[in-house]
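2 protein chains.
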Amino acid sequence: MGGEAGNAGMSAATRAVLRRLPSLPILRWGKEYGRDTLVSDLLAALIVTIMLIPQGLAYALLAGLPPEAGLYASIAPLVLYALFGTSRVLAVGPVALISLMTATAIGDLAVAGSPEYWSAAIALAFLSGLILCAMGLLRLGFLANFLSHPVISGFISASALLIAAGQLNTILGIEARGHTFVEIVANLARHLPQTQSLSAAVGLCAAAFLFWARTALKPLLVRRGIAPRTTDAIVKSAPVAAIAATTLPTWLLGWHEQGLKIVGSVPAGLPPLTLPSWNPALWEALLLPALLISVVGFVESVSVAQTLAARRRQRIEPDQELVALGASNLSAAFSGGFPVTGGFARSVVNFDAGARTPAAGIYTAAGVGLASVMLTPALYYLPQATLAATIIVAVLSLIDVDIFRRTWIYSKTDFVAMLSTVAATLTVGVETGLVTGVAVSLALFLFRTSRPHIAEVGLVPGTEHFRNVLRHPVKTSPRLVSLRVDESLYFANARTLEDRVNEAAAKHPELQHLVLQCSAINVIDASALESLEAIEKRLREAGIALHLSEVKGPVMDRLKHTEFLHGLSGKVFLTHYQAIGELTPEVMDPLAAR
Amino acid sequence: MGGEAGNAGMSAATRAVLRRLPSLPILRWGKEYGRDTLVSDLLAALIVTIMLIPQGLAYALLAGLPPEAGLYASIAPLVLYALFGTSRVLAVGPVALISLMTATAIGDLAVAGSPEYWSAAIALAFLSGLILCAMGLLRLGFLANFLSHPVISGFISASALLIAAGQLNTILGIEARGHTFVEIVANLARHLPQTQSLSAAVGLCAAAFLFWARTALKPLLVRRGIAPRTTDAIVKSAPVAAIAATTLPTWLLGWHEQGLKIVGSVPAGLPPLTLPSWNPALWEALLLPALLISVVGFVESVSVAQTLAARRRQRIEPDQELVALGASNLSAAFSGGFPVTGGFARSVVNFDAGARTPAAGIYTAAGVGLASVMLTPALYYLPQATLAATIIVAVLSLIDVDIFRRTWIYSKTDFVAMLSTVAATLTVGVETGLVTGVAVSLALFLFRTSRPHIAEVGLVPGTEHFRNVLRHPVKTSPRLVSLRVDESLYFANARTLEDRVNEAAAKHPELQHLVLQCSAINVIDASALESLEAIEKRLREAGIALHLSEVKGPVMDRLKHTEFLHGLSGKVFLTHYQAIGELTPEVMDPLAAR
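Quick mapping for you: the protein sequence lines, in order, are chains X and F.
According to my numbering, the first sequence is numbered sequentially starting from 1.
According to my numbering, the second sequence is numbered sequentially starting from 1.
No lab work stands behind these hints: they were computed from the structure.
From a predicted model like this one, the values you see are computed outputs, not experimental measurements.
There's no promise every hint is true.
Pairs of lysine-lysine residues, derived as DSSO-like cross-links and limited to a Cα-Cα distance of at most 27 Å, are as follows [unchecked claim]:
no. : chain 1 : residue 1 : chain 2 : residue 2
1   : X       : K31       : F       : K507
2   : F       : K560      : X       : K412
3   : X       : K412      : F       : K537
4   : X       : K507      : F       : K31
5   : X       : K537      : X       : K571
6   : X       : K236      : F       : K537
7   : F       : K412      : X       : K537
8   : F       : K218      : X       : K537
A few chain X residues that face chain F, going by a derived Cβ cut-off under 7 Å, partial list only [to be verified]:
no. : residue
9   : N145
10  : R315
11  : D414
12  : S450
13  : F491
14  : R495
15  : S527
16  : E541
Don't be surprised by glycine CBs; every beta carbon is placed ideally from N, CA and C.
Start from the sequences, fold in the hints, and give me the full structure.
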C-alpha cells in the first residue's frame, strides 16, 4: 500500500484509488540520495556487471538466442526495475530457469538462431510483461501463492537437471538435443563416441575450475588473510577468469579451427529498438508459457527480494513488484531482449557488495551497455563450452537433494506433490511439470479438507473437559452423542458430517440427543448449512434432537438469520459442559458412571 | 463398511479386503422376508408402476429416444439396484435431469430418433455404469462432495427451466429446438405464429389439470373424508388420468389426423438384448458427459436415499450405492435403455406407499415389464403434448426460487457460485454449467482460505485473555507483537503470514519479540513450514526473536523433528499469557499500562 504519507487531506475514496495505482518508489529513495550512497552503489554495480556479462551471454545461449540478446536483456530491464521496483537490491536480468522456459516455449515454433526465433522470444517477453502488469494492477499477486514450496523446489531441481543435461552436449561438442530429460540423456549416450575432445577438454576444465572457485577458493583466500570483501569480488569474477583463460588460447592457438565452437562475431552497439510482432496465432501459442514464466519469475524474484529486504527491515510490496517486473519485461521486448526476472545469486552479490538503492541497477545497466559497445570484439574467440560450463556450475547449485528427504519426513502429502512435479518436468517438460505440480497440490489440499476430523467425545470424569471416546476413559450416556468437528464446514466436507451423524444415529438405538461441539468451526458455508438442515430434519424424523455448543461469534452472527436456527429441535449451549449437564444430568453424577 | 458380522475368525487383512468388495445387501434383508413385507412391497410397487409408466415414456421423449426406451430403462436397472443397493426404498429409473443431460451429450453426435442416436445413448449408459462402478470400487464417492449445494441447486433450477422451455415446442406443436435457453426461447418466439392450436389445447389442458392435481386435489379429497393413503394414490395417478383423458378422444375423434402428434406404434415385448458399440471416437466424445451424468446422478440419488433411510434409522453406504447405480446403468445399456438414477419423486412415493425392502423395486420392474408386453397398443394414440405437459409439471417443481434469496442473504460467495452455474447452464449448456459451477466454487474456496484472518492481539487488562488490538482497548508493548492466526497454514496462505510478519517488523522499529499464537492452527504443511523458517531467519537477521504459543499437540508432534523448531530463536510457550509474562513483564503490571 504505497504512498500513505501526506494523504491526510484526501477523501477516503481518493486514497483508495491512489493506493491501487502503481507508485514510483524512486520518488522515495531519490530524495535521500547522497555521496556515500553513490559510492556504495557504484562499487556494487561494478561487481554485479562483472558477474552479469558472462551470465547474460550464457543464458542467451541456453534460451537458444544469439549472445548479444543476453546483453540487451541486461540493460533496459534493469533501468525499468530501478524506477518501479520496491526492492532496493534486487538484480533483474536473464536467469537460468526463465531462459530454459523460454527455449521450451518457442523451441517448437521456430528454428533456434533464426530471426523468427528471436522475434518469438521478444513476443514472449512482451506477453509476460503484459501479464505481470495486469496481475499487479488487478492485485492478483496472491495467485503466485498457489505454487507451493515443494512444487517450486521440485520444479527448480528438475529444471536444473534438465538444463545441466542439455548443456553437456555443448561441452562435449556433439549434437544431442531433446525435449525431455530422458531423451537428452539417451541422445547423449548414443552420440558419446562423437565427442569433440578439444571442446570436452575446454568445457570440463572450465567447469572444474568454476567448481573449485565456488567451493575451495574462498577459504583459501581467507586463510591468506585477504579482506572478505575482496575475497568475494575475486570469487564472483571466476567466470570472467574462466572466459579469459579459454578465450586467449583459442585466439592464439586457433582452437576454433580444430572444431572448438566459439561465440563468433557479436555486433557491437547499444540494444536495437524492437517491436513485438502482432501475430494472433503466435500470441495464442505463447499465452500459457508466458503466464507460467510470469508466475515462476514473480515467485523467484519476490522471495529473493523479501529475504534481502527483511535483513534491513525494509518492505516489499508484491503487487508493485509485479508492475516493476512487468515493465522490465516490456522494456526487454522493446530492446531485443527476452524474458527476465530478479535472479537469486546476482541479488545476493549486489546486497553483499553494499548496494543501497536501486540506482545500483542503473549503474549496472550502464556497465553492461558499455560492454556491449566496447567489449564484443573480445568475445569472438570465447568458446561456447566455457559458457556451458558456467551454466552447469550455476544451475547445479540450485539442486536441493536434502529438501526431498526433509519433505518426506515432514509430510507425505507434500512429498507426493513434489515428486509429481519432478516426474512430469523430467518426462514431459517444464510447462507440464509446473501445471501438474499445482494441480496435484491443490487436489491433495482439497482431499485433506474434504475429510475433516470429527471425534465422538465424552466427559473426562471429575473435570469439565471432553475428549475422544476412542482414546480416553470418558463418561457418556446411551441417550446422547457428542461430536466435535475439527474443521470449518464447507461443501467438500459437509457430507462427511452427514455420514458421521447418520452413523451415530444408526448405532445408538436409544439416542435422544445429538450435540455438535462447534469450537473449531470458523466458517459454515451455504452447503454446510443445508447439510445441517438435512441432518436436523432427519434426526427430528427419527425422534432425535440436534443441539449445538460453543458456536463462535461470527458463525453465530450468520446463523442467527437462518431458518435452521429458528427451527432447531434442540438448543444452542454456550459451553459443551452446560449441554451435557442439562440434557443428561446422570452423566454428571459420579455415582452414575458406567 | 458392509459385512462386518460373522468376521470374528478372519484376519484383519482378509476383513480389510472383504470390506473393499461390494456386498450383496439382498443377503441381509432377504432372510427376514415374510408375508407382511410382501404385501407392503406389492402395494408400493403398484403405485410406483402407475407413476413410472408415463414418466418413462416422457423422459425417453425428453432424451430424444423412442418411448419404449423409457420402459426398457425402467425394468432391468430396478432389478439390479434391488440386488446391490443399500437403500430399501430408492426408486431407480429415468429422471428428468439425466435425460436432458443424455440429450445434450448425444444431440451433436447423431440425429434424434435414428438408430445411431439410440446406440449412442446405450454407449452413454454403459460408460456411466463403468464410471460409477469404478468410483465405487475405488471408494471415490467423496468426489461428489465437490458439487456444492448452491451449484447443484443452481444447476437443477437452470436445467428445469431449460427442460420446460424445450417441452413448450412439443406442446405448441412447433419446430423450435435450440441448444441454449436463449436460443430455445428466441426460436419459440419466432415460430409462435405457427402454433398448432389442437396440440396447444391438449397440452395446456393437460398441464393445467396436472398442476391442479398437484396443488388443489389433495386438500379437496381430504376434505371429502377420503383416507390419506387412497388420496395419495389418486393424486399420484393424475398423469395416468391425463393420458387416458387425452388418448381416448384422440382415438375416437381422430385428432391425430388434424395434426396432433401422437406417440405412434410402440413395439410390444420385453427389452431387447443390446450391446454397447465399441467405437473409440464415440467413447471419447462421451467420456466427460458420462462422468458428469454419473456424478450428478449419484449426488441426486444418494441424497434422496439418505433422507429416506434416516427416517427409519437405516444407513446408506455411499460407495456401495455407486456400485449399485453402476450395475443399474450397465443393465440399462444391455437392455435398450439409457442412463438412469434414483429419482426423488418416485422414491418418496415408494416410501410413503409403504415399501419395506428393495423387493418392491423388483415388483415394479415386473409391472413395467407387463405393461411393455401388454399395454403398448394402448399408447398408440397418446398425444406427445400430454407427455410434454407431464414433464413440464414435473420439472417446474424442481425450480427453487427462494434458495437464491436465502443464499444471497447467507453467503455472497456461495451466491456467486450459484449464479455462475445458472448463467453458464442457460447460456452455454448443462455440461459447461456444471463444470463452471465446480470450478468457481473451488476457486472461491481456495481464495478464501488463501487469505486467513490474522489478528494482532493484546492483553485485556485484568484478565489472561488476548483480543484484537483494532477492536478492543488492550495492553501491548512496543517491544513485542502478538499475532493470532485463525486458520491452518498451508501453501496458499503461508505467504500472507510472511507479509503480515514483515509488515509488523517494518512498522515497529523497537521490536524485539514476535509471538505467534497458534491455538487455531490444525495443520502446518511443508510450504508453511518453509515460510516459518524464512520468517524466523529474516526476523533473526533483524534482531527479532520468534516465539510460538499454544501449539496444538498433533502440530507439535510434527514440528518436533524439524530444524525450524530446533533452531528457533525464541521459545515455545504453553499459553500466550505465559509468553507475555516472561517476555514483557511490564505489560502485566497494571501501573505500566500505556
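We went through each hint and held it up to the structure:
1. K31/X x K507/F: 21 Å, holds
2. K560/F x K412/X: 16 Å, holds
3. K412/X x K537/F: Distance ~25 Å between K412/X and K537/F Cα, so the pair holds.
4. K507/X x K31/F: Within the cut-off at roughly 21 Å; holds.
5. K537/X x K571/X: 15 Å, holds
6. K236/X x K537/F: Between K236/X and K537/F the Cα gap is close to 25 Å, so the pair holds against 27 Å.
7. K412/F x K537/X: 25 Å, holds
8. K218/F x K537/X: Distance ~24 Å between K218/F and K537/X Cα, so the pair holds.
9. N145: 5 Å, holds
10. R315: R315/X check passes; min Cβ-Cβ to chain F is 5 Å, inside 7 Å.
11. D414: 4 Å, holds
12. S450: 6 Å, holds
13. F491: Hint holds; F491/X Cβ to chain F Cβ min 3 Å, cut 7 Å.
14. R495: For R495/X, the interface hint holds, since the closest Cβ of chain F sits about 5 Å away, which is under 7 Å.
15. S527: 4 Å, holds
16. E541: This interface hint holds because 5 Å falls under the 7 Å limit.
The earlier numbered hints are all upheld by this structure, with none contradicted.
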